[in-house]
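Colleague: If you want the building blocks of each chain, they are given just below.
There are 2 protein chains.
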Amino acid sequence: MLKTSWVASANSAETDFPLNNLPYGVFSVGDADLRCGVAIGDRIIDATGLEAAGILRADPDADVLDAPYWNDFMALGPKVWAAYRAKLQDLLAEGASEEVQDQLTTYSVPMSEATLHLPFKVAEYTDFYAGKHHATNVGTMFRGAENALPPNWLSIPIGYNGRASSVVVSGTDVRRPWGQLKGPDMDLPVFAPCKRFDIELEMGAIVGMPSDGPVTVQEADDMIFGYVLLNDWSARDIQAWEYQPLGPFQAKATATSLSPWIVTKAALEPFRCSTPHRERVLLPYLEEPGPMLYDIPLSVSILPENAEKPEVLARTNYREMYYSAAQQLAHHTTAGSPMNVGDLLGSGTISGPSKDERGSLLEMSWGGKEPLTLADGSTRSFIEDGDTLTLSGAAQGDGYRVGFGDCAGTVIPALDDPYKRG
Amino acid sequence: MLKTSWVASANSAETDFPLNNLPYGVFSVGDADLRCGVAIGDRIIDATGLEAAGILRADPDADVLDAPYWNDFMALGPKVWAAYRAKLQDLLAEGASEEVQDQLTTYSVPMSEATLHLPFKVAEYTDFYAGKHHATNVGTMFRGAENALPPNWLSIPIGYNGRASSVVVSGTDVRRPWGQLKGPDMDLPVFAPCKRFDIELEMGAIVGMPSDGPVTVQEADDMIFGYVLLNDWSARDIQAWEYQPLGPFQAKATATSLSPWIVTKAALEPFRCSTPHRERVLLPYLEEPGPMLYDIPLSVSILPENAEKPEVLARTNYREMYYSAAQQLAHHTTAGSPMNVGDLLGSGTISGPSKDERGSLLEMSWGGKEPLTLADGSTRSFIEDGDTLTLSGAAQGDGYRVGFGDCAGTVIPALDDPYKRG
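If you read the sequences in order, they're chains V and C.
Counting along the first sequence from 1, when you hit position 186 you're at 186 in UniProt numbering, and nothing is skipped either side.
Counting along the second sequence from 1, when you hit position 75 you're at 75 in UniProt numbering, and nothing is skipped either side.
Derived from the structure by calculation, the hints contain no laboratory data.
Heads up, none of these hints are tricks.
The list makes no distinction among identical chains, and a pair is therefore deemed to hold if it is satisfied within one copy or across any two copies.
DSSO-like cross-link-like pairs, simulated, lysine-lysine; straight-line CA separation at most 30 Å:
1. Lys79 with Lys420
2. Lys355 with Lys195
3. Lys182 with Lys132
4. Lys182 with Lys355
5. Lys420 with Lys182
6. Lys369 with Lys355
7. Lys369 with Lys309
8. Lys309 with Lys355
Predicted model, so just to flag it, every value in this text is computed and none were measured.
Only chain V is shown next, with the shape it has when bound in the complex (with noise of 0.2 Å):
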């Protein structure tokens, strides 16, 4: 149920940013340095000023908020979530004094005022290979369909280190990387930029306590802090040509955009939900003491350059993953690599089973060998230079929703020559 604020905003059926939701985010507005922010409706409350004020504090003695990322926040661990939570939760409760409402206004924005950057300081990156539909999809492409899913697909959720510092927050251009390229025609390879650069719409567990040795699924979910929306931009023919033997590298290095705001698990708890059915009983190691999967709706849209409004290209569910964040994480563990606060994993392509349900154009269009015919008549196979590709998503309780804030990004040309200098 929708728990009602005096923010008016916060109250509408349609924002992202009810109550019920209270996503972590880092903002500026102008010039001034960036803050540690709370959505809440169409404002942003000011965390970092609530704190230094003694109104709202997460450690009474520690200035956690005085950064522009949540990261020290998260050490805290979740008892300080949780209380913290429910704190900001009482301050923005209808029926808090008019005293409290005051204060609360002065230490806000009005988010349309608001730059929105990385919300937190992301430690290391990992993607993760974890949809079955998109594993088929791929496997099918590339290595035919008897040998779609890898053998060892169905007992390990399959990941792969991605590069933290390509790391981007929603809004930022994407260029067009430059790669090697050799098509099955070709002797030799050439470098030029990429010609099938493509997304993949996946979700981002952010962990917000260290580990340091295995961990059980349960102990994972734990240590899981939030979740954002997450765009792994794919070099497709960088790929194909890099990834065997040891997988993607400059393929995934150009960048990986994040939805602004870190939507809490406390926010998500309504909307857990099981992972499908196995089709292979699972190492007991990976064996889900509960619910980690969450159900939230998604979808991908494209603007064109030159285009009038966004269209969507497919819809999905994060529920359709094979394993969740906490079974890709306790794998991450299983070898003793230390985890840290601020570690990032992506979930891997989310894509349904059906056909509109699918999380990349290399999926939709199927390698290019169908390309999809936009609103404007214009095809795609993969992206063009000056389309927009966001990713939309938001779990749907009874009369609210728990949205996450676009990510978006705009693909710009690759440079001329990119050793040119100044």
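With the hints as your guide, set chain C onto chain V.
Modeller: Showing chain C alone in chain V's frame:
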């Protein structure tokens, strides 16, 4: 030629740390704080102390060495690196005034009394696969002699992102990991301690300057601050089952050990050499404008738990690499990913052409088919619990050597139950 120092132990032809070297590390004595230090002979100069006392400063305005890592120093860039090194060599050279000698002796400790720590904060870690003998050996074992070298190998310095949080300093024990194992004769995997735990003898290059977009090989070489020895501990049985299609993940997540001293590029200048003959013409962006490899003899030795002395298993040389670190770094930037101060690039396993020049047990024992017999009569296909594996390396000058200090780790038994707490 040996540059002579008033620190007598630095003038021995046997020391790793003559005045020609001056590598950078981080040390502590007893329970005191970690400090930045410079190795000279059998002593460590307290660089943090010299900075605080105003005797030797890298930056007139900022205490960049008031930290347990050299990252802030590196960020000052090559001109400061050169000026600092020149001043340090003056202070330590034979002929320095008695006052200087007294001051520096005050700000120094015997190396034997110090504990060494990681010399820099690892931003991100990338591991390459750029040794042709190693790639050929491993490829032959995994895919047969006809498909040994992947089609892209002679065109791309193949690399994958590793896990920075798993990087440890020499001397840190390495616990045998658990993981999913599935032999060819098994229907389903089991979760069990790794049975084929291995080393990889590598060099690590440390990025000292950031970039934001593609850089040339020359620019990449300029960005490199220095080198360390690197042992990329590898769980071969975990790797065999997990690595298709997205590359190694948990097989490489247990630990990566580094030698404790950053040997600067400046100290290695006399030992520059070219990469080997190109068997396929490189794309222009990867062409080396000059010699960017180094002639550094390397070895790996084993000390079983109850053995009296270590035994050398293999000798090789960094100049065996097909691609230099500068070429790897240039390739790393092609798709636009920013590089940061403290990024670590592993060279890939360095094997030479002959059997006693192999940089991994996988190669030495040919996948376990040809176990090694050690001096104590025991045999090894892979590492046994209690074994200490040590990498050593030193460039050989005229009457001096530029050494790295050992990169050692003892493998301790796997946990009985990785999920048992307390």
